[in-house]
Amino acid sequence: MDTSHLFASGHSACPGCGQAIAARLVLRATGKDVIIANPTGCLEIFSSNYTASSWEVPWIHSLFENAAPVASGIESALKATGRLDKITVIAQGGDGAMADIGLGALSGTWERGHDILTICYDNEAYMNTGIQRSGLTPYDASTTTSPAGEVSLGNPRLKKDLPQIAVAHGLPYVATASVGYPQDLDKKVKKAVSIRGPKYIQIHVPCPLGWRHDSALSIDIARLAVQTGLFPIIEIEAGQLTSARKIGKKRGVEEYLRPQGRFRHLFESPAGQQELKKIQEIADRNIERYGLIRAG
Amino acid sequence: MAPRMIRGAQAVAEAAALCRPQVISAYPITPQTVIVEELAQMIANGKLEAEFVNVESEHSAASVVLGASATGVRVYTASSSQGLLLMSEVLYNIAGMRLPVVLTCANRSVSAPLNIWNDQQDSISLRDSGCLQFYAENNQEAVDLLLLAYRVAEDHGVMLPALVCVDGFLLPHAYEAVDVPEPKEVDAFLPPYQPLYRLDPDEPLTFGAYAEPDKYMEARYMMQRAQEKAISVIQEAGHSFEKVFGRPISALMERYRMDDASTALVAMGSVIGTIKDVVDELRSQGQRVGALKIVTYRPFPKELIYHALKEMENIIVLDKAVSLGSGGPLATEIRAAFQGSPQPPRVSGVIAGLGGRDITMDTIKRIISQAQKEVLEAEFVDLREDMELEGVD
Ligand SMILES: Cc1ncc(C[n+]2csc(CCOP(=O)(O)OP(=O)(O)O)c2C)c(N)n1
Ligand SMILES: [Mg+2]
Numbered sequence: 008m009d010t011s012h013l014f015a016s017g018h019s020a021c022p023g024c025g026q027a028i029a030a031r032l033v034l035r036a037t038g039k040d041v042i043i044a045n046p047t048g049c050l051e052i053f054s055s056n057y058t059a060s061s062w063e064v065p066w067i068h069s070l071f072e073n074a075a076p077v078a079s080g081i082e083s084a085l086k087a088t089g090r091l092d093k094i095t096v097i098a099q100g101g102d103g104a105m106a107d108i109g110l111g112a113l114s115g116t117w118e119r120g121h122d123i124l125t126i127c128y129d130n131e132a133y134m135n136t137g138i139q140r141s142g143l144t145p146y147d148a149s150t151t152t153s154p155a156g157e158v159s160l161g162n163p164r165l166k167k168d169l170p171q172i173a174v175a176h177g178l179p180y181v182a183t184a185s186v187g188y189p190q191d192l193d194k195k196v197k198k199a200v201s202i203r204g205p206k207y208i209q210i211h212v213p214c215p216l217g218w219r220h221d222s223a224l225s226i227d228i229a230r231l232a233v234q235t236g237l238f239p240i241i242e243i244e245a246g247q248l249t250s251a252r253k254i255g256k257k258r259g260v261e262e263y264l265r266p267q268g269r270f271r272h273l274f275e276s277p278a279g280q281q282e283l284k285k286i287q288e289i290a291d292r293n294i295e296r297y298g299l300i301r302a303g
Numbered sequence: 590m591a592p593r594m595i596r597g598a599q600a601v602a603e604a605a606a607l608c609r610p611q612v613i614s615a616y617p618i619t620p621q622t623v624i625v626e627e628l629a630q631m632i633a634n635g636k637l638e639a640e641f642v643n644v645e646s647e648h649s650a651a652s653v654v655l656g657a658s659a660t661g662v663r664v665y666t667a668s669s670s671q672g673l674l675l676m677s678e679v680l681y682n683i684a685g686m687r688l689p690v691v692l693t694c695a696n697r698s699v700s701a702p703l704n705i706w707n708d709q710q711d712s713i714s715l716r717d718s719g720c721l722q723f724y725a726e727n728n729q730e731a732v733d734l735l736l737l738a739y740r741v742a743e744d745h746g747v748m749l750p751a752l753v754c755v756d757g758f759l760l761p762h763a764y765e766a767v768d769v770p771e772p773k774e775v776d777a778f779l780p781p782y783q784p785l786y787r788l789d790p791d792e793p794l795t796f797g798a799y800a801e802p803d804k805y806m807e808a809r810y811m812m813q814r815a816q817e818k819a820i821s822v823i824q825e826a827g828h829s830f831e832k833v834f835g836r837p838i839s840a841l842m843e844r845y846r847m848d849d850a851s852t853a854l855v856a857m858g859s860v861i862g863t864i865k866d867v868v869d870e871l872r873s874q875g876q877r878v879g880a881l882k883i884v885t886y887r888p889f890p891k892e893l894i895y896h897a898l899k900e901m902e903n904i905i906v907l908d909k910a911v912s913l914g915s916g917g918p919l920a921t922e923i924r925a926a927f928q929g930s931p932q933p934p935r936v937s938g939v940i941a942g943l944g945g946r947d948i949t950m951d952t953i954k955r956i957i958s959q960a961q962k963e964v965l966e967a968e969f970v971d972l973r974e975d976m977e978l979e980g981v982d
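Line by line, the protein sequences give chains G and Z.
When you read off a place in the first sequence, starting at 1, and then add 7, the result is the number in my numbering.
When you read off a place in the second sequence, starting at 1, and then add 589, the result is the number in my numbering.
Because the hints were derived from the structure by calculation, they are not lab data.
It should be emphasised that the depicted structure is a prediction, and the values quoted were computed from it without experimental measurement.
Please note that a few of the clues may not be correct.
Claimed, not checked - In silico BS3-like links for lysine-lysine, alpha-carbon gap of 30 Å or less:
#	chain 1	residue 1	chain 2	residue 2
1	G	Lys86	Z	Lys773
2	G	Lys257	G	Lys285
3	G	Lys86	Z	Lys636
4	G	Lys93	Z	Lys636
Claimed, not checked - Which bits of chain Z does chain G cover? Going by a derived footprint, with three or more residues having C-beta under 8 Å, they are:
#	segment
5	780-794
6	797-808
Just so it is clear, CB atoms sit at the ideal spot from N, CA and C, and this is done for glycine as well.
Okay, chain G solo, but in the shape it has when bound (with noise of 0.2 Å):
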């Protein structure tokens, strides 16, 4: 079946948007039967200006903080009505709606164990109300709110790992994927479907406003992520490492970093010069930790 169509054009996302991209690959591979809870942010913003929807399938936004509890309460019903088998409740937003201000409510979710695919579009910053930094934004990222400046180099926090967090509620599923990588995501979706209980996926999706790169080359940069180590694309199973996509030829995370604006303050300055050696080691340390590179 065709379902291609399930996540409409004609919404009012930027050129190069990752995280459109990332929403229509994951209904094509959902397909039909599934009900989506949708925060406040960027994809509920295009996707659903009154009296226009790009939604061919059921689609509820409630606030900005409590997609996952509205999709608890989706859930329960459809429990109670018999009608769980065959559909999918699905909890997605972004970054700033899933691992900030509805971390506790999704907490709250994921422990109780209902039967939710939860979905993260992580584009690093809170896009919609203009570039602010979130607690996955990455280390010294330049936004609106954590400006590099005279005396500043950009956020001075490390991204926060949601994925482990997931873990540690025993979660049977826990994935991170690229909408650089379609097919990986399309088979961790569908895996993530076939599996009873609460299942996350956290999506990385490049955003040309936000990150400011060429909008024709977000699907590059999000490759140039998971390249580099600095965002791997795993599978964590009952708490086991399954899957981690290797790095054919490891890449400089420079080759990451200078093509987007939010890294630009690292370039011109002996400061920022050290600063990059701190964020290779970060990538470094994810190669090692998820064994990224092939031995021998």
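Since the structure of chain G is provided, determine the placement of chain Z with the ligands on it from the hints.
Chain Z with the ligands only, in chain G's frame:
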């Protein structure tokens, strides 16, 4: 059924169960907790079949019933005070999405200072949310109004959430004789919920789209009209209630010994019981005093209230809440009801019983004699005189 001596929380929980909610969300807060505990026990004992969702906050308690209601099932939850305030963002949203969620509010003061006792500041703060609001005088009304609330909220001409407010501790924790109706009577009064729209893959719809300035106002206007329409729906539901259950219900308001009265006390909730005792006593002494109980606060039945009060010389409105910087919320609205009338009655407003302070018969008698002498603007009654009040001169 014959009335039984039961605790208010049990009566409310039994009434909620009789409405056959399919999803219930629960989060503890005094004095509401006793209600959801009763429901949990009913489910544990196999007496009620429903998905019982133990959430991690009231924000999620409201969000869970929002999601379930949008999926087309009847839902229930309850809260108080800080919990209700934490829900408030979601309750506004539920109202705007036109979902007939029904909850019981066990009324409690709001912090600070932290205080767990009764007043009505919590639900009054949700005055403008779009939720219907009913206030019970006793546990019988806590039961009856819950049944009524579902029927009105789910009426296709209304489709708004409803709060049934019961004074914390004074009702949920009190043992009173309550007639909890038979299931088949309730089924006759309250048919299964028929959603207008629901989340369903076979008929995919978008809920909660955002509206630009060229459309937003229409959505809010429709809510205002639905609130107005609810007045007649409540009246009609009240008549039907009397037919089905064979006993009366005061759905919008209750006039108590108002014929030939020249002074009327106006209030909401359990304090009306005390006020009625005062009215009886003063009547026996020949004073022409009556009481008007406001049951439905949203929609505000202002025309009925106007007609019930227009012949009065003195109206005394007792608020168990205060709009800080203005005065008693109910008093303000009663005064507004007489705006432009040729000979408006004197309307006094008093703030009483905040944070669980007793409102005694003596208090009420004192207020009456004071208000007969001068108009009280927003008088805090029974303030202590032995406490230094910093910054007050
Ligand atoms: C309670 C609340 N606080 C703040 C906002 C403002 N707000 C709306 S969307 C948004 C940012 C969304 O960021 P994210 O979840 O990362 O999604 P993105 O837009 O980046 O895809 C914010 C801060 C809100 N709507 N509600
Ligand atoms: Mg974001």
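Okay, the hints, checked on the actual structure:
1. Lys86(G) x Lys773(Z): holds (25 Å)
2. Lys257(G) x Lys285(G): holds (17 Å)
3. Lys86(G) x Lys636(Z): holds (18 Å)
4. Lys93(G) x Lys636(Z): Roughly 28 Å separates the two Cα atoms, so the pair holds.
5. 780-794: holds (count 6)
6. 797-808: That given contact holds, which follows from 6 residues of the segment 797-808 of chain Z lying within Cβ reach (below 8 Å) of chain G.
Checked against the numbered hints above, the structure violates none of them.
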